[in-house]
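Please take these sequences and the hints and turn them into a complete structure.
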Amino acid sequence: MNSSTNQVYPVIWHNNAVSLIDQTRIPNEYTFVEISRSEDMAVAIKTMIVRGAPAIGVAAAYGIYLGATEIHTDNRDEFLNHLENVAEMLRSTRPTAVNLFWAISRMMKIAYETLGTVDEIKQVLFQTAQIINAEDLQTCQAIGDNGLKVLPSNPEKLTLLTHCNAGALATAGYGTALGVVRSAWREGRLARLFADETRPRLQGAKLTAWECVQEGIPVTVITDNMAAHCMKRGLIHAVVVGADRIAANGDTANKIGTYSLALVSKAHNIPFFVAAPLSTIDFSLSDGDQIPIEERDPAEIYQVGDTILTPSGAEFYNPAFDVTPAEFITGIITEKGTFAPGELRRLQEKQVV
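In this note's numbering, the protein residues as written are 1 to 353.
In case anyone wonders, no lab produced these hints; they're calculated from the structure. Treat each hint with caution, since some may be false.
Derived pair list, reagent style BS3-like, types lysine-lysine, alpha-carbon separation capped at 25 angstroms [claimed, not checked]:
hint : residue 1 : residue 2
1    : Lys157    : Lys232
2    : Lys336    : Lys149
3    : Lys109    : Lys350
4    : Lys109    : Lys122
5    : Lys157    : Lys266
6    : Lys336    : Lys350
7    : Lys46     : Lys149
8    : Lys46     : Lys109
9    : Lys350    : Lys149
10   : Lys232    : Lys266
Each pair of labels, with its calculated beta carbon distance range [stated by the list, open to error]:
hint : residue 1 : residue 2 : range
11   : Val304    : Asn81     : 40 to 48 angstroms
12   : Tyr30     : Gln130    : 21 to 29 angstroms
13   : Lys149    : Ser286    : 38 to 46 angstroms
14   : Lys336    : Asn269    : 25 to 33 angstroms
15   : Trp13     : Met89     : 16 to 24 angstroms
16   : Asn81     : Glu135    : 22 to 30 angstroms
17   : His14     : Met89     : 52 to 60 angstroms
18   : Asn81     : His268    : 19 to 27 angstroms
19   : Met89     : Pro152    : 44 to 52 angstroms
20   : Glu34     : Gly216    : 24 to 32 angstroms
21   : Glu78     : Lys149    : 28 to 36 angstroms
22   : Tyr317    : Ala17     : 16 to 24 angstroms
23   : Gly216    : Pro155    : 15 to 23 angstroms
24   : Pro298    : Ala191    : 35 to 43 angstroms
By construction, the Cβ of each residue, glycine as well, lies at the ideal position given by its N, Cα and C atoms.
What follows is the structure, encoded as structure tokens:
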């Protein structure tokens with residue numbers, strides 16, 4: 001993207017390398033990081049240069065391919081053994097986002113199933129990473145349009161609230177929760193988006209607001225603890241958030257603070273939607289208690305830039321995600337339609353996923 005266009009693509013294959021928007025520098029700087037080694041991709045995912053579950057999945061797919069190009073052997077078994085080490089390195093970066101593991105598993109399955117030379121396996125891995133990238137963009141556009149169908153019909157112009165960033169920056173482009181916002185804006189249904197700032201890393205204030213400003217979407221940033229007040233005043237018509245992992249029963253892990261937002265939505269009788277691709281559903285987990293929760297550096301809480309916010313001697317707890325119980329979720333918006341949390345098992349039985 002440049003200053004004259006509003007398209008945002010956070011993960012791009014360009015000149016034999018992966019070009020990542022450095023999301024740690026937005027909104028102050030719009031810069032790219034070129035990644036040509038699998039180890040550097042792992043660092044980029046870990047340090048949140050690239051973030052958002054679908055975008056992490058796309059980046060990891062390219063990371064597997066980059067790792068494949070670094071393996072110099074013609075022996076198939078030796079190649080696959082080394083590629084397993086690359087996969088494990090990438091898996092260790094972010095434990096909560098299931099799209100990471102889904103993309104790596106898909107790439108590894110292709111590697112094992114592809115017959116032929118090592119060079120032919122590498123070529124198929126590259127093609128698969130590109131397919132994953134393209135599929136995610138199409139998926140997000142479908143999520144946005146499906147979300148538009150289930151938003152409240154009254155009033156005609158809606159004010160929506162979102163948490164964290166589930167936009168183009170968090171995907172291959174367009175977004176999940178922010179994809180719904182984009183579709184509503186495109187069809188003239190959106191009056192305004194309220195964006196939680198999303199402590200401690202401020203993805204809402206920095207990233208979601210930035211995306212909206214680029215496209216001229218009216219956006220109001222509020223602190224995380226203002227949501228209930230805004231709802232009580234009638235300022236919010238529906239909430240749409242993303243997801244990093246959804247258990248089989250519909251329990252949903254998303255950025256820390258999502259659970260409390262669901263609770264206050266329920267208290268004010270406001271629809272609470274989760275927007276996510278079907279690849280985010282982890283049917284191996286029966287409920288949200290089994291979802292691993294990443295804990296991050298406490299410095300994210302006590303420090304902003306060079307400024308220390310808290311007194312020496314204080315202790316910190318910094319879970320990156322929380323789990324919203326299915327009972328507080330109105331519907332899960334996917335590329336195949338919107339489903340009540342309790343309907344997810346039926347999707348699996350019908351082999352929709």
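With respect to the beta-carbon atoms only, verify the hint that Gly216 and Pro155 lie 15 to 23 angstroms apart.
Given a distance of about 21 angstroms, which is inside 15 to 23 angstroms, the answer is holds.
Verify the proposed pairing of Lys109 with Lys122, using a straight-line Cα cut of 25 angstroms.
At roughly 13 angstroms apart (the allowed maximum being 25 angstroms), Lys122 and Lys109 satisfy the hint.
Lys336 and Lys350: Cα distance at most 25 angstroms?
Holds, because 13 angstroms separates the two Cα atoms, which is no more than 25 angstroms.
If I claimed the Cβ atoms of Asn81 and Glu135 lie 22 to 30 angstroms apart, would that claim hold in this structure?
Given range 22 to 30 angstroms: holds, Cβ gap about 29 angstroms.
Given the hint that Lys109 pairs with Lys350, test it: the Cα-Cα distance must not exceed 25 angstroms.
Holds, at about 23 angstroms.
Would the pair Lys46 and Lys109 pass a check requiring their Cα atoms to be no farther apart than 25 angstroms?
Since the Cα atoms of Lys46 and Lys109 sit roughly 24 angstroms apart, the hinted pair holds (cutoff 25 angstroms).
Cβ distance range 16 to 24 angstroms for Trp13 and Met89, holds or violated:
Holds: the Cβ-Cβ distance is about 20 angstroms, inside 16 to 24 angstroms.
Do the alpha carbons of Lys336 and Lys149 lie within 25 angstroms of each other, as the hint requires?
Holds. Lys336 to Lys149 sits at ~12 angstroms (cutoff 25 angstroms).
Can the suggested window of 40 to 48 angstroms be confirmed for the beta-carbon pair Val304 and Asn81?
holds, 44 angstroms
Just to be careful, I want the Cα atoms of Lys157 and Lys266 compared with a cutoff of 25 angstroms; is the pair within it?
OK: Lys157 and Lys266 at ~22 angstroms, within 25 angstroms.
Given the hint of 52 to 60 angstroms, check if His14 and Met89 actually sit that far apart at their C-beta atoms.
violated, 23 angstroms
Taking the CB of Met89 and the CB of Pro152, does the distance hold inside 44 to 52 angstroms?
holds, 45 angstroms
Figure legend: structure checked against the earlier numbered hints; hints not met, in rising order: 7, 13, 17, 18, 21 and 22.
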